[in-house]
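Let the sequences and hints guide you as you build the complete structure.
Plus 67 on top of the position in the sequence shown (first one is 1) and you've got the numbering used here.
Keep in mind the hints are simulated off the structure, nothing from the lab.
Any given hint could turn out to be false.
[Claimed, not checked] The following label-pair restraints were derived from C-beta to C-beta distances:
1) A77 - L97: 23 to 33 Å
2) I94 - Q131: 18 to 28 Å
3) H72 - E110: 53 to 63 Å
4) V107 - E80: 39 to 49 Å
Using N, Cα and C, we set each Cβ at its ideal position, and we do this for glycine too.
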Amino acid sequence: TRNNHLREQALKEHYNERAFQEDKALIDTLFDEANHRKQVVSEKMQQVPETKSFDSFWHETKHQLLSKPEE
Numbered sequence: 068t069r070n071n072h073l074r075e076q077a078l079k080e081h082y083n084e085r086a087f088q089e090d091k092a093l094i095d096t097l098f099d100e101a102n103h104r105k106q107v108v109s110e111k112m113q114q115v116p117e118t119k120s121f122d123s124f125w126h127e128t129k130h131q132l133l134s135k136p137e138e
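Here it is, written out as structure tokens:
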């Protein structure tokens, strides 16, 4: 039974390490995506003509960032 306990403990540790690695990767992906979207908005803001209203700019940008691409 001691052998089973050691194996169970090793599996728990392995699971926790892998879960930690996957959680880190997911968090990195989320921050990378947020940074990408922030860059897109910043670039779009620089391209907005002074005559265009902020509401129309925001409507277009929101649609482009939040809409799912058609497949």
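Comparing the hints with the structure gives:
no., hint, in the structure
1, A77 - L97: 23 to 33 Å, "holds (31 Å)"
2, I94 - Q131: 18 to 28 Å, "holds (25 Å)"
3, H72 - E110: 53 to 63 Å, "holds (57 Å)"
4, V107 - E80: 39 to 49 Å, "holds (41 Å)"
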